[in-house]
Amino acid sequence: MRDAPAFYGEIDDAVVLTAAAVTQGLPPSAGDAVNAFVSAHARARRESDIPAFRAYLHGLVSRSSGFDPRLERYWALVGTVTGGRVLNMTVAHRWLTDGLSISMAGTAPPTSR
1 MRDAPAFYGE IDDAVVLTAA AVTQGLPPSA GDAVNAFVSA HARARRESDI
51 PAFRAYLHGL VSRSSGFDPR LERYWALVGT VTGGRVLNMT VAHRWLTDGL
101 SISMAGTAPP TSR
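All the letters of the sequence shown, read from the start, carry residue numbers 1 to 113 under my numbering.
Please note that a few of the clues may not be correct.
What follows is a set of in silico ranges between Cβ atoms, one per label pair, in the way DEER data are often shown [said to hold, decoys possible]:
#1 T82 / G106: 20 to 30 Å
#2 R85 / A105: 29 to 39 Å
#3 S48 / T80: 35 to 45 Å
#4 G9 / I50: 21 to 31 Å
#5 R2 / T80: 32 to 42 Å
#6 R2 / L77: 34 to 44 Å
#7 V78 / Y8: 12 to 22 Å
#8 V81 / F53: 32 to 42 Å
Honestly, the hints are just simulated from the structure, not real lab data. We put the beta carbon where it would ideally sit given N, CA and C, even for glycine.
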């Protein structure tokens, strides 16, 4: 991985976009949040955002989508304690994974960043 601080900064950008979509109750979709997420991973690996890379990334992130129920419970409690001001990362991860699936299905072409 190249510059880890830059990678995490780019992931933070994707999370901000994801949080906005989740907060608005929008269904997962191929769009800016997914594109930012894919772009961060592609740059970190010195890859291009092409269909083959999206398939590779989907394989990585979809394996971690079956969260431990304790992790889901943790984020639910964080939401309760913070009054919902903190994004539930299990929800965000699933939203991004589903959005990545949609982008791979060709319902929305990826954009270059």
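Hint check results:
| no. | hint | in the structure |
| --- | --- | --- |
| 1 | T82 / G106: 20 to 30 Å | violated (38 Å) |
| 2 | R85 / A105: 29 to 39 Å | holds (33 Å) |
| 3 | S48 / T80: 35 to 45 Å | holds (42 Å) |
| 4 | G9 / I50: 21 to 31 Å | holds (23 Å) |
| 5 | R2 / T80: 32 to 42 Å | holds (38 Å) |
| 6 | R2 / L77: 34 to 44 Å | holds (35 Å) |
| 7 | V78 / Y8: 12 to 22 Å | holds (20 Å) |
| 8 | V81 / F53: 32 to 42 Å | holds (38 Å) |
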